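J.: Chains as they are written, first to last, in our numbering: chain Z, 1 to 114; chain B, 1 to 113.
Don't read these hints as lab results, they were simulated from the structure. All of these numbers come straight from a predicted model, not from anything done at the bench. Idealized CB from N, CA, C, for every residue including glycine. Wrong hints could be hidden among the right ones.
Calculated lysine-lysine pairs in the DSSO-like style (CA-CA distance at most 30 Å, straight line) [stated by the list, open to error]: (1) Z:K62 with Z:K102; (2) B:K61 with Z:K102; (3) Z:K102 with Z:K44; (4) Z:K15 with Z:K78; (5) Z:K102 with B:K68; (6) Z:K102 with Z:K71; (7) Z:K11 with Z:K44; (8) Z:K15 with Z:K102; (9) Z:K11 with Z:K62; (10) Z:K78 with B:K68; (11) Z:K44 with B:K49; (12) Z:K83 with Z:K44; (13) B:K61 with Z:K44; (14) Z:K62 with Z:K15; (15) Z:K83 with Z:K62; (16) Z:K78 with Z:K62; (17) B:K61 with Z:K62; (18) B:K49 with B:K61.
Facing chain Z, a subset of chain B residues (Cβ under 7 Å, in silico) [unchecked claim]: (19) G16; (20) L19; (21) W83; (22) A86; (23) F103; (24) G104; (25) S105; (26) G106.
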Amino acid sequence: EAGVAQSPRYKIIEKRQSVAFWCNPISGHATLYWYQQILGQGPKLLIQFQNNGVVDDSQLPKDRFSAERLKGVDSTLKIQPAKLEDSAVYLCASSSGWENEKLFFGSGTQLSVL
Amino acid sequence: AQSVTQPDIHITVSEGASLELRCNYSYGATPYLFWYVQSPGQGLQLLLKYFSGDTLVQGIKGFEAEFKRSQSSFNLRKPSVHWSDAAEYFCAVKSPGRRALTFGSGTRLQVQP
C-alpha cells in the first residue's frame with residue numbers, strides 16, 4: 001500500500017515569508033496528525049484531525065500556524081509569517097482511528113527559515 | 001500530563017555488542033508505550049508497542065522491550081547490534097482514549113565497526 005505522502009521535501013524561506021506543506025495520508029485513514037520536529041528533539045504534536053474535524057490543536061501557535069483538511073483526506077499546514085524558530089522538520093502521520101492502530105509517518109518536510 | 005524521558009542523548013556501541021536504550025515515562029496509569037526508529041531522511045518506523053499483557057515485547061529487526069511498572073520504564077534492547085541499526089530512536093507514550101503520541105527527545109545510536 002502507498003505510504004503517507006508529503007511535499008515539498010525541502011523548503012528554504014526568509015523570515016516573515018509564508019509557506020505551506022501538503023500531506024496525503026494513507027487511503028482510508030480517518031485520523032491525520034501534523035508534528036513538528038526541531039533538530040535534536042522528539043516530534044511534537046501540532047494538530048490532530050479526525051476526518052475533517054480538529055480533535056486537538058492545543059499546541060498549535062494559532063497566531064501564525066493554520067491547518068485544514070477540508071474533504072477529510074489530504075491536508076495542508078501553513079505558516080504565516082515564519083520565524084527563525086520555525087526551522088524544523090514537519091511530519092505528517094495518519095492512522096485508521098482505531099484505538100490500538102499504529103501511526104504511519106511520512107518522510108517529512110524540512111523547513112529552513114533564514 | 002504525560003511525559004517521556006530518554007536520558008541518553010547519544011550512545012556508541014561496537015557492532016555485535018548488546019544494546020539497551022532507556023525510556024522512562026510519567027503517567028498516572030499504564031499508558032500505551034512505543035519505540036520508533038528514524039534513519040536519516042526517513043520517516044519514523046514503529047519497532048514495537050506495548051498495550052497490555054506480557055511485559056516483554058518483541059519487535060521488528062530483532063529488538064525487544066520490557067515494561068517495568070515499578071520503575072515506570074520501557075527500555076529497548078537488542079542482543080547483537082548491526083551497523084544498519086545506527087539511527088535515532090524515540091520512545092513514545094499514548095494515553096488510552098487519546099490517539100496522539102507524546103515522544104521523548106530521542107537517543108542517537110552510533111555503531112562502531
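J.: Give a verdict on every hint.
T.: Here is how each hint holds up against the structure:
Between K62 (chain Z) and K102 (chain Z) the alpha-carbon distance is near 28 Å, which keeps this suggested pair within the 30 Å criterion. A C-alpha spacing of about 17 Å is found between K61 (chain B) and K102 (chain Z), which places the hinted pair at or below 30 Å, so the restraint holds. Restraint check for K102 (chain Z) and K44 (chain Z): satisfied, since their Cα atoms lie roughly 17 Å apart, inside the 30 Å limit. This hinted pair checks out: K15 (chain Z) and K78 (chain Z) have alpha carbons roughly 14 Å apart, not beyond 30 Å.
Pair hint K102 (chain Z) plus K68 (chain B) holds up; C-alpha atoms about 22 Å apart against a cutoff of 30 Å. Under the criterion of a C-alpha separation no larger than 30 Å, the hint pairing K102 (chain Z) with K71 (chain Z) is consistent with the structure, at around 23 Å. The hinted pair formed by K11 (chain Z) and K44 (chain Z) meets the criterion: a straight-line CA distance of about 20 Å does not exceed 30 Å. Distance hint between K15 (chain Z) and K102 (chain Z) is unfulfilled; the C-alpha atoms sit about 35 Å from each other, more than 30 Å.
Taking the CA atoms of K11 (chain Z) and K62 (chain Z), the gap is near 21 Å; set against the 30 Å cutoff, the hint holds. The hinted pair formed by K78 (chain Z) and K68 (chain B) fails the criterion: a straight-line CA distance of about 41 Å is larger than 30 Å. About 19 Å separates the Cα atoms of K44 (chain Z) and K49 (chain B), which keeps this hinted pair within 30 Å; it holds. At most 30 Å may separate the alpha-carbon atoms for a hinted pair to count; K83 (chain Z) and K44 (chain Z) meet this at roughly 17 Å.
With a C-alpha separation of about 26 Å, the suggested pairing of K61 (chain B) with K44 (chain Z) holds against the 30 Å cut-off. Between K62 (chain Z) and K15 (chain Z) the CA atoms are separated by roughly 17 Å; this keeps the pair inside 30 Å, and the hint holds. Proximity of K83 (chain Z) to K62 (chain Z) is assessed by CA-CA distance (about 14 Å); at most 30 Å being required, the pair is judged to hold. A hinted pair counts as satisfied when its Cα atoms are at most 30 Å apart, and K78 (chain Z) with K62 (chain Z) qualifies at roughly 10 Å.
At most 30 Å may separate the alpha-carbon atoms for a hinted pair to count; K61 (chain B) and K62 (chain Z) exceed this at roughly 40 Å. Between K49 (chain B) and K61 (chain B), the direct Cα distance comes to roughly 14 Å. Compliance with the 30 Å bound is thereby established for this hinted pair. At a threshold of 7 Å, the smallest CB-CB gap from G16 (chain B) to chain Z is about 28 Å, leaving the interface hint violated. Taking 7 Å as the C-beta cut-off, the interface hint given for L19 (chain B) is violated, the closest approach to chain Z being about 19 Å.
Given the 7 Å rule on beta carbons, the hint for W83 (chain B) is violated: about 22 Å separates it from the nearest Cβ of chain Z. With a least beta-carbon distance of about 17 Å to chain Z, the hint placing A86 (chain B) at the interface is violated under the 7 Å criterion. Below 7 Å, beta-carbon pairs count as interface contacts, and F103 (chain B) has one with chain Z at about 3 Å; its hint therefore holds. Satisfaction of the interface hint for G104 (chain B) is found here, the shortest Cβ-Cβ separation to chain Z being roughly 5 Å, below the 7 Å cut-off.
Nearest Cβ of chain Z to the Cβ of S105 (chain B): about 5 Å, under the 7 Å cut. The hint holds. For G106 (chain B), the suggested interface contact is upheld, since its CB lies about 5 Å from the closest CB of chain Z, less than 7 Å.
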